[in-house]
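Chemist: Protein chains in written order, with this note's numbering: chain A, 1 to 176; chain B, 177 to 352.
Fair warning: there could be bad hints in the mix.
To be verified - Each computed DSBU-like pair below joins lysine-lysine, with the alpha-carbon atoms no more than 35 Å apart:
#, chain 1, residue 1, chain 2, residue 2
1, B, 180, B, 211
2, A, 4, B, 218
3, B, 180, A, 42
4, B, 218, A, 17
5, B, 218, A, 35
6, A, 42, B, 218
7, B, 211, A, 17
8, B, 193, A, 4
9, A, 35, B, 193
10, A, 4, B, 180
11, A, 42, B, 193
12, B, 211, A, 42
13, A, 17, A, 35
14, A, 17, B, 180
Said to hold, decoys possible - Output of the computed footprint for chain B on chain A, the stretches with three or more beta carbons under 8 Å from beta carbons of chain B:
#, stretch
15, 7-19
16, 27-40
17, 49-62
18, 106-120
19, 151-163
20, 166-172
Since the hints were made in silico from the structure, they are not lab data.
Glycine included, each C-beta is placed from N, C-alpha and C at the ideal position.
Residues per chain, in single letters:
Number of protein chains: 2
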Amino acid sequence: MELKETVIGTETIYDGKILHLRVDTVRLPNGHESKREIVAHKGAVCVVPVQADGTILMVRQFRLAAGQALLEIPAGTLEPGEDPDACAARELEEETGYRATTLRPLFRIYPTPGYSTERIHAYLATGLTPGRANLDAGENVELVAVPTAEAERMALAGEIQDAKTLCALLVALRSL
Amino acid sequence: MELKETVIGTETIYDGKILHLRVDTVRLPNGHESKREIVAHKGAVCVVPVQADGTILMVRQFRLAAGQALLEIPAGTLEPGEDPDACAARELEEETGYRATTLRPLFRIYPTPGYSTERIHAYLATGLTPGRANLDAGENVELVAVPTAEAERMALAGEIQDAKTLCALLVALRSL
Numbered sequence: 001m002e003l004k005e006t007v008i009g010t011e012t013i014y015d016g017k018i019l020h021l022r023v024d025t026v027r028l029p030n031g032h033e034s035k036r037e038i039v040a041h042k043g044a045v046c047v048v049p050v051q052a053d054g055t056i057l058m059v060r061q062f063r064l065a066a067g068q069a070l071l072e073i074p075a076g077t078l079e080p081g082e083d084p085d086a087c088a089a090r091e092l093e094e095e096t097g098y099r100a101t102t103l104r105p106l107f108r109i110y111p112t113p114g115y116s117t118e119r120i121h122a123y124l125a126t127g128l129t130p131g132r133a134n135l136d137a138g139e140n141v142e143l144v145a146v147p148t149a150e151a152e153r154m155a156l157a158g159e160i161q162d163a164k165t166l167c168a169l170l171v172a173l174r175s176l
Numbered sequence: 177m178e179l180k181e182t183v184i185g186t187e188t189i190y191d192g193k194i195l196h197l198r199v200d201t202v203r204l205p206n207g208h209e210s211k212r213e214i215v216a217h218k219g220a221v222c223v224v225p226v227q228a229d230g231t232i233l234m235v236r237q238f239r240l241a242a243g244q245a246l247l248e249i250p251a252g253t254l255e256p257g258e259d260p261d262a263c264a265a266r267e268l269e270e271e272t273g274y275r276a277t278t279l280r281p282l283f284r285i286y287p288t289p290g291y292s293t294e295r296i297h298a299y300l301a302t303g304l305t306p307g308r309a310n311l312d313a314g315e316n317v318e319l320v321a322v323p324t325a326e327a328e329r330m331a332l333a334g335e336i337q338d339a340k341t342l343c344a345l346l347v348a349l350r351s352l
């Protein structure tokens with residue numbers, strides 16, 4: 001079966017700081033037309049930083065869209081033209097104050113492929129040494145060191161509510 | 177540390193079919209103001225349907241935002257006022273043609289808490305019996321039965337690119 005949709009028109013709705021919204025008109029495999037509301041996003045990285053003592057550095061951050069603070073792994077948005085490996089190193093140091101000797105790619109995921117072009121590159125960071133934290137203005141982040149076993153328990157018990165964090169913890173813990 | 181942000185203003189940018197975009201002005205814990213671009217979304221469900229023969233029913237679907245067809249578990253958006261349990265049963269039958277004797281909640285995640293209010297309720301479905309498929313207009317979905325061991329291999333090898341699918345497979349496979 002041919003699944004591909006072909007874009008035959010596009011309308012820009014909003015050009016914001018982080019989000020850009022457009023409505024595409026597509027031709028379906030059966031010849032009919034449909035509309036697709038698409039958020040254009042630059043992409044992002046996330047990092048599972050595992051310390052020598054077996055704890056994972058995580059961040060607690062208020063997420064307005066979720067209406068609560070969530071426990072997540074360090075993450076951030078790609079700068080224009082930025083290499084994901086470099087972005088992972090930068091975001092890790094900015095959010096946690098640590099640098100990694102080794103940053104190993106884990107996977108790449110689309111968090112919401114139904115409506116956002118965002119793709120997240122996930123990494124496992126080991127060999128951590130102190131650098132310096134440098135949070136973006138308006139970023140309120142609390143650093144938490146979570147033991148590996150506790151992180152796994154939380155992931156399997158439904159206590160991790162951020163999708164990228166849940167994916168990355170479960171994959172990383174299987175590869176340590 | 178107080179992490180909460182307080183909304184002091186909101187501007188509606190777009191009211192679409194699936195997406196609604198607004199820009200909120202928030203007061204940060206330090207007293208400063210900042211803007212938050214927020215996609216308001218009704219929420220969704222996803223289901224890991226495990227057959228008696230140990231295969232998982234998955235769907236291959238073209239995702240315009242990802243520019244490719246992705247292998248995912250059955251999923252769909254909540255109707256206004258719809259109970260997530262009922263939505264999971266409905267979407268499972270619509271997308272796969274199967275009904276489940278047992279639908280067990282696995283977890284609830286925010287796929288993109290940085291900018292979308294979408295929350296996905298994930299379920300494990302067992303005791304599958306034939307019902308009838310009934311895809312939405314414009315939905316082109318190919319049904320695939322994936323052996324449990326192959327699904328786990330793909331998840332750990334980075335071959336699952338959809339975040340909800342990666343989370344749900346890894347959690348479900350640990351609870352079977």
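Chemist: If a hint holds in the structure, say so; if it doesn't, say that too.
Modeler: Tested hints:
Between the alpha carbons of residue 180(B) and residue 211(B) the distance comes to roughly 14 Å, so the proposed pair stays at or under 35 Å and holds. Proposed proximity of residue 4(A) and residue 218(B) is supported: the alpha carbons are some 26 Å apart, at most 35 Å. For the given pair, residue 180(B) sits about 26 Å from residue 42(A) by alpha-carbon distance, which is consistent with the 35 Å threshold. For the proposed pair residue 218(B) and residue 17(A), the alpha carbon gap of about 23 Å is at most 35 Å, so the pair holds.
For the suggested pair residue 218(B) and residue 35(A), the alpha carbons sit about 18 Å apart, so the restraint of at most 35 Å is met. Restraint check: the Cα-Cα separation between residue 42(A) and residue 218(B) comes to about 24 Å, which is no more than 35 Å; the hinted pair holds. A distance of roughly 9 Å separates the Cα atoms of residue 211(B) and residue 17(A); the hinted pair therefore holds under the 35 Å criterion. At most 35 Å may separate the alpha-carbon atoms for a hinted pair to count; residue 193(B) and residue 4(A) meet this at roughly 22 Å.
Distance restraint check for residue 35(A) and residue 193(B): the Cα-Cα separation of roughly 9 Å lies within the 35 Å cut-off, and the hinted pair is therefore satisfied. The straight-line distance between the Cα atoms of residue 4(A) and residue 180(B) is roughly 43 Å, outside the 35 Å bound, and the hint therefore fails. The straight-line distance between the Cα atoms of residue 42(A) and residue 193(B) is roughly 23 Å, inside the 35 Å bound, and the hint therefore holds. Taking the CA atoms of residue 211(B) and residue 42(A), the gap is about 18 Å. The hint holds against a cut of 35 Å.
Simply put, residue 17(A) and residue 35(A) have alpha-carbon atoms about 24 Å apart, close enough for the 35 Å limit, and the pair holds. With a C-alpha separation of about 21 Å, the suggested pair residue 17(A) and residue 180(B) falls inside the 35 Å cut-off, and the hint holds. Given as covered by chain B, the stretch 7-19 of chain A passes the check, having 7 residues with a CB less than 8 Å from a CB of that chain where 3 are the minimum. Only residues whose C-beta sits within less than 8 Å of a C-beta in chain B count toward coverage, and the stretch 27-40 of chain A has 10 of them, enough to reach three; the restraint holds.
For the stretch 49-62 of chain A, the stated coverage by chain B is satisfied: 3 residues place a CB nearer than 8 Å to a CB of that chain, which reaches the threshold of 3. Interface restraint, the stretch 106-120 of chain A with chain B: holds (15 residues with C-beta to C-beta distance below 8 Å; minimum three). Residues of the stretch 151-163 of chain A lying with their CB closer than 8 Å to a CB of chain B number 7, which satisfies the three-residue condition for coverage. For a cut-off of 8 Å, the count of residues in the stretch 166-172 of chain A with a CB near a CB of chain B stands at 4, and the three-residue condition holds.
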